[in-house]
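Put chains W, A and C on the given structure of chain B with help from the hints.
Protein chains: 4
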Amino acid sequence: MDQALEKRIRASFETQAMMQTFGAEVVSVLQGEVVLRAPILPLALQHTGHGHAALTFALGDTAAGFAAATYLPEDAAVVTAEIKINLLAPAAGDHLIATGRVIKPGRRLIVVTATVAAYTDGVARDVAILQGTMVGT
Amino acid sequence: MDQALEKRIRASFETQAMMQTFGAEVVSVLQGEVVLRAPILPLALQHTGHGHAALTFALGDTAAGFAAATYLPEDAAVVTAEIKINLLAPAAGDHLIATGRVIKPGRRLIVVTATVAAYTDGVARDVAILQGTMVGT
Amino acid sequence: MDQALEKRIRASFETQAMMQTFGAEVVSVLQGEVVLRAPILPLALQHTGHGHAALTFALGDTAAGFAAATYLPEDAAVVTAEIKINLLAPAAGDHLIATGRVIKPGRRLIVVTATVAAYTDGVARDVAILQGTMVGT
Amino acid sequence: MDQALEKRIRASFETQAMMQTFGAEVVSVLQGEVVLRAPILPLALQHTGHGHAALTFALGDTAAGFAAATYLPEDAAVVTAEIKINLLAPAAGDHLIATGRVIKPGRRLIVVTATVAAYTDGVARDVAILQGTMVGT
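Chains as they are written, first to last, in UniProt numbering: chain B, 1 to 137; chain W, 1 to 137; chain A, 1 to 137; chain C, 1 to 137.
For reference, chain B alone in the conformation it holds in the complex (with noise of 0.2 Å):
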């Protein structure tokens, strides 16, 4: 475990107000893979009753981000050049997981993928796949 690239993410999420909006919260940094944590609130819902599509976007991006992030240097910064989700089913129950992890780093490229899960009663349901690119600045 490396407590210092913890403490940086955490302090780089902590400036994101997006995420505070939807009061999502850092659940655990390894270097490549980073989990977030949002409960499903009223001001983030769509049309169908559930969960926006963008919300669960937003949690997996986000994890992806600073999955990235944890492979570049201190002062960089990380931002979405493009990204593609898949939903599998609706962002339902008392809270949603996003695991962010990268399958290639590169020097300015770096190639991500994040699943989100919905959670009722402590079981899991994947609601989303993601598939992108991160680039650092």
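I should point out that these hints are in silico values taken from the structure, not numbers from a laboratory.
Treat the hints with care, as some may be off.
Distance ranges between label pairs, derived from CB positions [what the hints assert, rightly or not]:
(1) 42(C) - 74(B): 56 to 64 Å
(2) 6(W) - 39(A): 54 to 62 Å
(3) 27(B) - 107(C): 50 to 58 Å
(4) 27(C) - 39(A): 43 to 51 Å
(5) 49(A) - 25(C): 19 to 27 Å
(6) 14(W) - 73(A): 37 to 45 Å
For lysine to aspartate or glutamate, the following EDC-like pairs were computed, each having C-alpha atoms within a straight-line distance of at most 16 Å [said to hold, decoys possible]:
(7) 7(W) - 74(W)
(8) 7(C) - 75(C)
(9) 104(B) - 74(A)
(10) 7(A) - 74(A)
(11) 104(W) - 33(C)
(12) 104(A) - 126(B)
(13) 7(B) - 33(B)
(14) 104(C) - 126(W)
(15) 7(B) - 75(B)
(16) 104(B) - 75(B)
In this text the structure is predicted, and so the values were computed from the model without any measurement.
Virtual Cβ for every residue (Gly too), placed ideally from N, Cα, C.
Here is chains W, A and C on its own, set in the frame of chain B:
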């Protein structure tokens, strides 16, 4: 112009709490094309100080989803099966405009695209393009 | 092991002229997972002297499509609705191995992923990951 | 019209064995837009009797890649970082036309789109749209 269509889309839009959270509004509704507008609120920023990728995604995805809905019966709900976003520039400026379009309407699968532009002092800059698949249920 | 399933997939594979053009063969068939292998033939090269992105795509897409087919009735045909490929490294080496997997089987839409690796002297290197949606007809 | 540019793109196209395998040719070259044409050869069919998704992909991806190349120095090579294809209709007809366009040229990353249409007796039908990222090296 189809006033019944526009009224239906606007009514559905109002049920999306996420859109209200972002301060988004419907600009126009045509068969196969829906335009949305939203400010870049402090609650939707990312670590770079610009709008979060998920804000841009939310508007593009929702505009595309409602564009798909214009091809479906009144009682059908549209959900995103998958969508991909390429980010072209930071989401900075006075407000964002998202234009969703239907490329191919189908009985169940509707292929869509969207563009999202940021406006500063009336000047537009494209910030993202999206390409995806909506499903009517 | 399900010999009837494997026999069915192999028979369908033989009807794909494109796969024969690339010299591809079926390595293994399991419920929800199909593995293909192909050489990197001179006829499939791109301007960099490596296998064309379309060769890597062809194998990954086809492996994923047949993985989806393992969940469908014998008389159903599977076609790709959409698929995205992230290329990780040049397609160089002795041969390529593509592994297609079903992430979520559905009544009509089947979400899939695939990985494609290049082997050189028995050593594997990932060259691409894919994520997509297959449709049964 | 830039004859030097067109000559350069055509010379690079000739080095792509895969394009020759598919019988493809360059129709036109403009700054930021390249059009390719190819027959639907028996060697490129899939199990449904139509052109394989990989044929449509090959043309769209290559047209987009060469469109990106029109923005790069003569000695640079372009490779696909990632690209996504949505298939709209079977690849059936007399021939395919792929049009690749640059959406945003960058120093290293170039965002592109492509459309692929099938022509039957002079009537066009869109068969696919693509959206991706090219990298200059």
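Comparing the hints with the structure gives:
no. : hint                       : in the structure
1   : 42(C) - 74(B): 56 to 64 Å  : holds, 57 Å
2   : 6(W) - 39(A): 54 to 62 Å   : holds, 57 Å
3   : 27(B) - 107(C): 50 to 58 Å : violated, 36 Å
4   : 27(C) - 39(A): 43 to 51 Å  : violated, 31 Å
5   : 49(A) - 25(C): 19 to 27 Å  : holds, 21 Å
6   : 14(W) - 73(A): 37 to 45 Å  : holds, 42 Å
7   : 7(W) - 74(W)               : holds, 11 Å
8   : 7(C) - 75(C)               : holds, 14 Å
9   : 104(B) - 74(A)             : violated, 38 Å
10  : 7(A) - 74(A)               : holds, 11 Å
11  : 104(W) - 33(C)             : violated, 23 Å
12  : 104(A) - 126(B)            : holds, 9 Å
13  : 7(B) - 33(B)               : holds, 14 Å
14  : 104(C) - 126(W)            : holds, 9 Å
15  : 7(B) - 75(B)               : holds, 14 Å
16  : 104(B) - 75(B)             : violated, 20 Å
When each numbered hint is compared with the structure, violations occur for hints 3, 4, 9, 11 and 16.
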